[in-house]
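Dock chain P against the given chain G, drawing on the hints supplied.
Heads up: the sequence lines are chains G and P, in that order. Using my numbering, the letters of the first sequence correspond one by one to residues 46 to 157. Using my numbering, the letters of the second sequence correspond one by one to residues 41 to 152.
In case anyone wonders, no lab produced these hints; they're calculated from the structure. As the structure is a computational prediction, the values presented were derived from the model and not from experiment. Each hint should be verified, as a subset may be incorrect.
[As the list claims (entries may be wrong)] Derived pair list, reagent style SDA-like, types lysine to any residue, alpha-carbon separation capped at 25 Å:
hint	chain 1	residue 1	chain 2	residue 2
1	P	45	G	86
2	P	147	G	144
3	P	139	G	124
4	P	139	G	114
5	G	59	G	125
6	P	139	G	83
7	P	108	G	155
8	P	111	P	93
9	P	147	G	150
10	P	139	G	103
11	P	139	G	112
12	G	54	G	110
13	P	94	G	125
14	P	111	G	103
15	P	108	G	89
16	P	139	G	59
17	P	147	G	86
18	P	45	G	102
19	P	139	G	97
20	P	147	G	155
21	P	139	G	120
22	P	139	G	110
23	P	139	G	96
24	P	147	P	89
25	P	111	P	42
26	P	94	G	140
27	P	139	G	117
28	P	139	G	95
29	P	139	P	112
30	P	147	P	99
31	P	139	G	105
32	P	147	G	89
[Stated by the list, open to error] Ranges between beta-carbon positions, derived for each pair:
hint	chain 1	residue 1	chain 2	residue 2	range
33	P	122	G	157	34 to 40 Å
34	G	89	P	94	23 to 29 Å
35	P	58	G	107	39 to 45 Å
36	P	121	G	118	36 to 42 Å
37	G	108	P	81	22 to 28 Å
By construction, the Cβ of each residue, glycine as well, lies at the ideal position given by its N, Cα and C atoms.
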Amino acid sequence: NAGVTQTPKFQVLKTGQSMTLQCAQDMNHEYMSWYRQDPGMGLRLIHYSVGAGITDQGEVPNGYNVSRSTTEDFPLRLLSAAPSQTSVYFCASSTQGRQPQHFGDGTRLSIL
Amino acid sequence: DQQVKQNSPSLSVQEGRISILNCDYTNSMFDYFLWYKKYPAEGPTFLISISSIKDKNEDGRFTVFLNKSAKHLSLHIVPSQPGDSAVYFCAASLGGSEKLVFGKGTKLTVNP
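If we strip away everything but chain G, and leave its shape as in the complex, we get (with noise of 0.2 Å):
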């Protein structure tokens, strides 16, 4: 089992570029969750999806979109990218939100 696989590992990006970051999990996981990890500020929550067609917002929700069309993949893409958004982004899934999650080794992000 590959768990929860995150591509690319490291991108660098242009302020204004956009870009998906790809997230796939083979568990059959209904939840599925991104989150961003800042030097100092622990793990915040982007967006979430209780299963395949549903969406909602975390606690830093701006400047990302997510679409969940099917329950193995959770793609995040990145509007028009800002410094700001410089940072450790991870996916992870689980049975339900209350569970524990499955992360993927994540993604690391830096854009000039």
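Chain P in isolation, oriented as in the chain G frame:
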């Protein structure tokens, strides 16, 4: 407004001794708490959880204690091993919510 607080950014203990990591929360409606461990360049991994109907949960060397009146939980690791050196995150969930709120983390170093 930080709802889950880990006030010690770091902790250093000797191998074989007890490690105690602390977490305070402000919202009395939190009813489910989790601890995650994170190694560098990896995603967080689930360690142990506790529901608010309990005051203690044990799993091998790891025990979590919950003091609802003080809005405080702690993770005890006995005995500590060098492989336990990692960042530990406390997380909490509101009843009826699918969201998790994380603390900023405590970096544990276990010295041989």
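Verification of the supplied hints:
Under the criterion of a C-alpha separation no larger than 25 Å, the hint pairing residue 45(P) with residue 86(G) is consistent with the structure, at around 11 Å. Proposed proximity of residue 147(P) and residue 144(G) is supported: the alpha carbons are some 24 Å apart, at most 25 Å. In summary, the hint linking residue 139(P) to residue 124(G) is supported, as the alpha carbons are separated by about 24 Å, within the 25 Å threshold. Between the alpha carbons of residue 139(P) and residue 114(G) the distance comes to roughly 21 Å, so the proposed pair stays at or under 25 Å and holds.
At most 25 Å may separate the alpha-carbon atoms for a hinted pair to count; residue 59(G) and residue 125(G) meet this at roughly 9 Å. Only pairs whose Cα atoms come within 25 Å are accepted, and residue 139(P) paired with residue 83(G) is accepted, the gap being roughly 19 Å. Taking the CA atoms of residue 108(P) and residue 155(G), the gap is near 40 Å; set against the 25 Å cutoff, the hint is violated. Proximity of residue 111(P) to residue 93(P) is assessed by CA-CA distance (about 13 Å); at most 25 Å being required, the pair is judged to hold.
Taking the CA atoms of residue 147(P) and residue 150(G), the gap is about 18 Å. The hint holds against a cut of 25 Å. With a CA separation close to 7 Å, the supplied pair residue 139(P) and residue 103(G) stays within the 25 Å bound. For the given pair, residue 139(P) sits about 17 Å from residue 112(G) by alpha-carbon distance, which is consistent with the 25 Å threshold. Proximity of residue 54(G) to residue 110(G) is assessed by CA-CA distance (about 19 Å); at most 25 Å being required, the pair is judged to hold.
The suggested pairing of residue 94(P) with residue 125(G) is violated, with an alpha-carbon distance near 46 Å, which exceeds 25 Å. At most 25 Å may separate the alpha-carbon atoms for a hinted pair to count; residue 111(P) and residue 103(G) meet this at roughly 23 Å. Restraint check: the Cα-Cα separation between residue 108(P) and residue 89(G) comes to about 24 Å, which is no more than 25 Å; the hinted pair holds. The straight-line distance between the Cα atoms of residue 139(P) and residue 59(G) is roughly 31 Å, outside the 25 Å bound, and the hint therefore fails.
The suggested pairing of residue 147(P) with residue 86(G) holds, with an alpha-carbon distance near 13 Å, which does not exceed 25 Å. Between residue 45(P) and residue 102(G) the CA atoms are separated by roughly 22 Å; this keeps the pair inside 25 Å, and the hint holds. Note on residue 139(P) and residue 97(G): the hinted pairing holds, with a Cα-Cα distance of about 17 Å set against a maximum of 25 Å. Between residue 147(P) and residue 155(G), the direct Cα distance comes to roughly 24 Å. Compliance with the 25 Å bound is thereby established for this hinted pair.
Only pairs whose Cα atoms come within 25 Å are accepted, and residue 139(P) paired with residue 120(G) is accepted, the gap being roughly 18 Å. Restraint check for residue 139(P) and residue 110(G): satisfied, since their Cα atoms lie roughly 18 Å apart, inside the 25 Å limit. Taken as a hint, the residue 139(P) and residue 96(G) pair is honoured in the structure, with Cα atoms around 14 Å apart against an allowance of 25 Å. A distance of roughly 19 Å separates the Cα atoms of residue 147(P) and residue 89(P); the hinted pair therefore holds under the 25 Å criterion.
Using a Cα cut-off of 25 Å, the hinted pair residue 111(P) and residue 42(P) holds, with the two alpha carbons roughly 14 Å apart. Distance check on the hinted pair: residue 94(P) and residue 140(G) sit about 22 Å apart at the alpha-carbon level, within 25 Å; holds. For a cut-off of 25 Å, the pair hint linking residue 139(P) to residue 117(G) stands: about 19 Å separates their Cα positions. Distance restraint check for residue 139(P) and residue 95(G): the Cα-Cα separation of roughly 10 Å lies within the 25 Å cut-off, and the hinted pair is therefore satisfied.
Our distance criterion of 25 Å between C-alpha atoms is met by residue 139(P) and residue 112(P), whose separation comes to about 20 Å. The hinted pair formed by residue 147(P) and residue 99(P) meets the criterion: a straight-line CA distance of about 21 Å does not exceed 25 Å. Simply put, residue 139(P) and residue 105(G) have alpha-carbon atoms about 12 Å apart, close enough for the 25 Å limit, and the pair holds. Straight-line distance between C-alpha atoms of residue 147(P) and residue 89(G) comes to about 18 Å, which keeps the hinted pair within the 25 Å bound.
A C-beta distance of roughly 38 Å is found between residue 122(P) and residue 157(G), which places it inside the suggested range of 34 to 40 Å. Against the hinted window of 23 to 29 Å, the Cβ-Cβ separation of residue 89(G) and residue 94(P) comes to about 27 Å, which satisfies the hint. With their beta carbons about 42 Å apart, residue 58(P) and residue 107(G) fall inside the hinted range of 39 to 45 Å. Take residue 121(P) and residue 118(G): their Cβ atoms lie about 38 Å apart, and the range 36 to 42 Å holds.
Remark: the range hint 22 to 28 Å for residue 108(G) to residue 81(P) is upheld by a beta-carbon distance near 25 Å.
In this structure, the earlier hints numbered 7, 13 and 16 are contradicted, and the remaining ones agree with it.
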